[in-house]
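Novice: Okay, here's what each chain looks like letter by letter:
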Amino acid sequence: MDLTEIAVELDREGIGASAETLYGWGRSTHSEALVVRPTDKDTIRRVFELAEKHGVTVGFRGSGCSYGDASQNGDGVVLDLTNFAKVRSFDESTGLLVAEPGVTLEMIWRQCVPLGWWPPVVSGTMYPTLGGLLSMNVHGKNNWQVGTIGNHVRSFELMTPRGETLRCDREQNADVFHAAIGGFGMLGCFTEVELQLKKIWSGRLEVEAIATANLREMIAWFETNKDDFDYLVGWVDCFPRGTALGRGLIHAARYLGEGQDDQAKATMRESAQDLPSRILGVMPKNKVWYLMRPMLNDYGMRAINAAKFWSGKRGQTRNEPYKQPHAAFAFLLDYVPDWKKAYGPEGLIQYQTFVPKEAASDVHPRLLERCHKRHIVPYLGVYKRHRNDPFLMTHAVDGFSFAMDFRVTSSNRNELWQLCRDMDEIVTEAGGRLYFAKDATMLPRTAETIWGKETIERFHALKRRLDPNSRLQTNLARRVFPGWFSS
Amino acid sequence: MNKRFERAIVVGASSGIGAALARQLAGQGARVALVARRGDELEKVAEGIRTAWGSDKAIVRTNDVTDVDAASTLFSELVEELGGLDFICYAAGVMADVGPDEYPTDKDLKILQVGLSGAFAWLNPAADYFQKQKRGAIVGIGSIAGDRGRRAYPSYHATKAGFATWLESLRNRLTQHGVRVTTIKPGFIDTAMTRGMDGLFWVKTADEAAASILHAAQKGKQTVYVPARWRLVSLVIRSIPSFIFRRMSI
Chain A
1 MDLTEIAVEL DREGIGASAE TLYGWGRSTH SEALVVRPTD KDTIRRVFEL
51 AEKHGVTVGF RGSGCSYGDA SQNGDGVVLD LTNFAKVRSF DESTGLLVAE
101 PGVTLEMIWR QCVPLGWWPP VVSGTMYPTL GGLLSMNVHG KNNWQVGTIG
151 NHVRSFELMT PRGETLRCDR EQNADVFHAA IGGFGMLGCF TEVELQLKKI
201 WSGRLEVEAI ATANLREMIA WFETNKDDFD YLVGWVDCFP RGTALGRGLI
251 HAARYLGEGQ DDQAKATMRE SAQDLPSRIL GVMPKNKVWY LMRPMLNDYG
301 MRAINAAKFW SGKRGQTRNE PYKQPHAAFA FLLDYVPDWK KAYGPEGLIQ
351 YQTFVPKEAA SDVHPRLLER CHKRHIVPYL GVYKRHRNDP FLMTHAVDGF
401 SFAMDFRVTS SNRNELWQLC RDMDEIVTEA GGRLYFAKDA TMLPRTAETI
451 WGKETIERFH ALKRRLDPNS RLQTNLARRV FPGWFSS
Chain B
1 MNKRFERAIV VGASSGIGAA LARQLAGQGA RVALVARRGD ELEKVAEGIR
51 TAWGSDKAIV RTNDVTDVDA ASTLFSELVE ELGGLDFICY AAGVMADVGP
101 DEYPTDKDLK ILQVGLSGAF AWLNPAADYF QKQKRGAIVG IGSIAGDRGR
151 RAYPSYHATK AGFATWLESL RNRLTQHGVR VTTIKPGFID TAMTRGMDGL
201 FWVKTADEAA ASILHAAQKG KQTVYVPARW RLVSLVIRSI PSFIFRRMSI
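Heads up: the sequence lines are chains A and B, in that order.
Taking my numbering, I'd label the letters of the first sequence as residues 1 to 487.
Taking my numbering, I'd label the letters of the second sequence as residues 1 to 250.
There could be a bad hint or two in this list.
Which residues of chain A face chain B? A few of them, derived with a C-beta cut under 8 Å, are [claimed, not checked]: (1) E217; (2) A220; (3) W221; (4) E223; (5) S361.
Don't read these hints as lab results, they were simulated from the structure.
Note that the Cβ used here is the ideal one computed from N, Cα and C, for glycine as well.
If we strip away everything but chain B, and leave its shape as in the complex, we get (with noise of 0.2 Å):
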């Protein structure tokens, strides 16, 4: 597969990698509906690719991913919207500041219901319509911080790497169906989530990650590290054993 996508959901369109592979979406010729929870930043990345693109670029649905009762319905009417669908990307997160020696039920759970929940109740219905279509691409954001388990932030690497397993899944069920899933495991992206934070490194801009996760996308690849080079640094901190890994500072 390495043909354009047509008809795509962005799901965390609001800004960072989802705002931007939006507009490179569109840019490609696709029509592009963008769901998030904020309105009003939506609105202006629907604005950039109407004007830069069209008018009918881009349809905009509000919803908070943690309402995961309202996605499968959302979903149905951005299909009929857009007159069918051959990509889907789950680009919605979110990562709280947890002290070293906070454990805090409310925000863990926060995070798993936007990093993990919400992705179900968007692609399952998603899986279910490019499985019957017999065609479709289906992107998660995960992360680096999935391949292990520091001390930073545990339920925001626990919720990538349980992300990071289903969309494997996922793959292990739809291949055979024609449908690709791609994981993607970005490293540092400039973006809200990380502006302004201390000792980041080969950091990548969201649409240089985009670039990366659409080409990546149409390739049909499975699991891409952005940029690249972290699959190394992955496999080395994969390969650390655990009674050494947990006296790392890292």
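Okay, chain A solo, but in the shape it has when bound (with noise of 0.2 Å):
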């Protein structure tokens, strides 16, 4: 592969390239790749040609949201895709946007809330872009309901290395539409989007706050209420055992419908929906992570977790619920900017394990003392509901999630992957699955487990079709898939 040539040749065409390291959100893992910002398809058609042309390899990153590798290609060119984003045509009366790749989920509410729409689904944080969210099938807080992103999918329009466009939906195209969402950027690069958003009344969600006293009795809670809420999500303190293991904070959230917000026009401004500027009121929240460093060990950690969890169960919703704006609720990770740099130069990486739902209340306790049995306990846990998805190589089942996030640092680092080993086993027995927005340490024999070698296959066979020269790659398909890229 020689990256200078190709590079030359854009340069010389006028299509800006440049050396860069990426890191992967959690800032554990990072690689130097070439990097194109098109802003239009003619461009990312060029790029695929003189890759072609010049042997090297073609990843695909939006916003840079996955924790891991799935939006690196070190030693290759990486098409940045945050610069081809513009809403080509949003409809009020239906609610159905058309956007390219790169718009993110912010310049969608910040458009659409007033106009009464929200997107169908969101993840923790509003900066994905379109075409990460598609690539990855990506979850929210009320998957269980809903589904993921890829069911408000209607179409969209795929690019294959070879510069076809396939518009693809549930008729036409239908095993490409199933198998890209999800497709990690293996099977081509979306550049337009077709999707369905929801219908609200107000701009704000009513929200009950529940605390639990173990990992177990949430399951319970979450079980039997699932029905009477759109969203939920419980965050877990992973540092106590016994009888507390997994304690924690429910947060449960319902749609206000026609009606039921009187101060509903005011709730739906842009202006209503913005994140605190200021932490207590007085703390610039750009300058909390800083702050933050000095706990980020398990002492500090271990303080804040249980600091937290009895002012949640003082404060929990004891008559009336309170209602929240829906970006306030949706993007708890923006609240203090860049507080990923507080876990220090290594970063962290996210476990996150789907376990059915008969398994979840043995598996993920079991999880959580493993942790502790190796010494090394999550600083943050997330529970969530979920349900089936028809995306071929989905992360989701009918059941529970656990998301873990480790500290990473040059003594533990060996360590921490060998516990992601273990509770990959435990998971994989379990018939549970993994997710390649969040993976950094997955094994191909995991991978085999998880999907099974048929739908892999079933998966590589497009992937053939598509992409017959394996032009599309990253740093995670490499390491997940080995097999695909061996000559």
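Could you use the hints to bring the two separately framed chains together as a complex?
Specialist: Given below as structure tokens:
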């Protein structure tokens, strides 16, 4: 592969390209790549042609919100699509959005909330692009109710590495539709997405907070009450053991229907959705991560988690639910900008497992026990409810997910990766799954157990058809499916 | 007595305190039979328990407690299915909206039937069973509303007062046989019954109340206020002379 030659040629054609170090969102992995930021389809097509000509690989990147190495392509070309970001149309009466792949959730809600529409599925941060959301088939805190983002995509246009464009929906090119969504950028570049938004009648949700004494109580509460809410998310304090193993706080929310919010119009203004710019009213929030840094160790995080739990327990809903703007409820990861930097130079990984309903109450507490046994305790745990979906390489199951954030240090790296291997075994034995958007540690054999040889082969057959020369690659793809790229 | 219960029946387990209590009993390892009128709601609570603690941990029976003739047979079936019994809680109750100038016999009788007749029907067979077994715990969910006849809900106050007195009698009979009878007097608990009411204070969640109730039952306590500070308030309220109390708008 010759990146210099392709860089020169791109430069000659007036297509900007620069050698950059790209990080995963968790900052635990990074690599060097030649980054091109196209603003249109022609540029993407030209990059594909030149990549073919020079024998270099191409990976896609949106806002770089995947925790691990899914949006990196070390020693190759990375197409950063954040500038290919126009909303082509939005139908106020039907809520159908047609947009380019670099459009972010933030751009969508800022434009659409005042018109009475909200993205049907959102991640914990508002910065992912549509292309990234589709590639990872992202879920939200409402996954068991509405499925993943893919369930709300009406159609998309995909450009293959040979420069062809395919229009895909549930009838036309249905196999590609169900594989490219969740296909971690291996089949082509999304160049246009039709997404159906959700009608809202208020800019706020009705929210209840519930404390649970341990993880099994959280599971019981989720299962009992899931029909009564539109969103459920559990925060888990991973430090206590014994009867308090996995204690936490649930936030459960409902949409407000027509006429249920007497301040609906005011709450649907864009400004009513903005997150607070200061913490505790005084501290500029972009400085907060700096103050968090001394606390990012086992002692500090044990104390912070305990304080959060006990204050949350005191503040449980005791009579009336409270109302909260959609953005404030949804985008918890954006409250403290750059908080991940507090984890230090090696960053963090998130290990998220999706386990069938019948096995979750056994598997997830066991994972926490295993963490304690290895003396590596997650600093943050998040619990959610999920359902099956029709996408080929999906992560979702009819069950529960447990996401655990681990600090990576130079001294714990090997032990942490070994811990993930241990947990992989527990999860896969129970029919559980992992998630490309979060993954940094999965082994090829783990992937084979999760998706099965037949499904992986179906996906690979599609890839061979659309990308016969394996032009599309990422660090994640090479790590998890090395057989696809060995010559 | 401070041991964990192994086989339990909760009557009125479809929501509120009863549902939370059923969950916490299962969380401590008990097999729990859940009884209530609303089958769909009951099944949701049971499904939560089964998902969290195992498919054998919850049994469901739909029963309207005002159908007093059915209780005895149902009780025997559940005991057999559970393989014994060491705990029963009667948590069923209703509170109808009664206006200040309203004297509705139909509503009053409903409150009485659910709050007291149903309790007789379910707890009498349990008392008999526990007396013969020489152990067991009976818990009745009364209310601070039973401590004084306020203006607001005459039949509700009377029902809860009657329930507390009846439980006291049971306690006096059964203690000598090793059976503990605990009367719970909750203050304001966040349940469907109280949701959205104005003027509430010291409100506890159903889960917080259930934890206190379970603890009290395990300790074999007699009468427990939830939260405990209501005991003092009740003492004060009960001490107010009637000629003053009737002039107070409470």
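Novice: All hints, please: hold or fail.
Specialist: Hints, verified against the model:
no.	hint	verdict
1	E217	6 Å, holds
2	A220	4 Å, holds
3	W221	7 Å, holds
4	E223	4 Å, holds
5	S361	5 Å, holds
Violated hints are absent here; each numbered hint is respected by the structure.
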